[in-house]
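The listed protein sequences derive, respectively, from chains E and D. 7 is the number of the first residue of the first sequence in our numbering; add one for each residue after it. 46 is the number of the first residue of the second sequence in our numbering; add one for each residue after it.
Incorrect hints may appear among the rest.
A partial selection of chain D residues facing chain E, derived with a Cβ cut-off under 7 Å [unchecked claim]:
id : residue
1  : 74
2  : 76
3  : 82
4  : 83
5  : 118
6  : 122
7  : 123
8  : 129
9  : 132
Read the hints as simulated data drawn from the structure, not as lab findings. Just so we're clear, the structure is a prediction, and the values are computed from it rather than from any experiment. Quick reminder that beta carbons are idealized off the backbone N, C-alpha and C, glycines included.
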Amino acid sequence: MKKTIATITTLLLLAAFATTALAGEVAQGRCVSIDAQTLVIEEFDLVKTPENKNYGNPTGIESSFDLAAAKIGIPPEPGDILRIAYDVKGNAKHAIKVMNVSKQDLSKK
Amino acid sequence: MKKTMLTLATLLGLALLPGLALAAGGGASELVVVADTRVLSGWMLYFADLYNTNIVLFALWATVLTAMYGALLGFLMDFVMSRTGLDLTSRKIVEH
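Working from the sequences, and respecting the hints, build out all of it.
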């Protein structure tokens, strides 16, 4: 009986937390500029062509991310392909994690 | 007590030794992985998003699901074994 209650409690807790977790978004693109506070990328789309079969094509849209609370992997440099998990608060995009895709490529070549 | 201190000092010394080696470089940068949720939907989106935004809850889910999977396999094996005619519910040894 105790075991059942513990299982149900755990599942309920997970369900309760679940609603708070679905807030993040992901963007991928080429790093345009980066400093201690702000990262700017040119976003890529999801269309894979023979020329850009790994990362998609540049869209020309530049997005800026606040890096104050971000966990950054291999330090990005302008020109690197980055994938960013972020939260939107108001008009600002707050980066949560920054992955340097071009220097840490996990896809099969 | 002295022996313990000596052991600890020795271990600390050994731990610091690699740093003195000529080949020792700076610390490697942390590897950060972001799951690409742009192409996902449903449960896959939920878990990938969780991996990106709340790694503690993701770990909790992994633990719970692993336990549930273990229990499922256990019950399945119990069922299969009972179908073979073996009675595993009794510890009675008939030879004695």
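Hint check, failures only: 5, 6, 7, 8, 9
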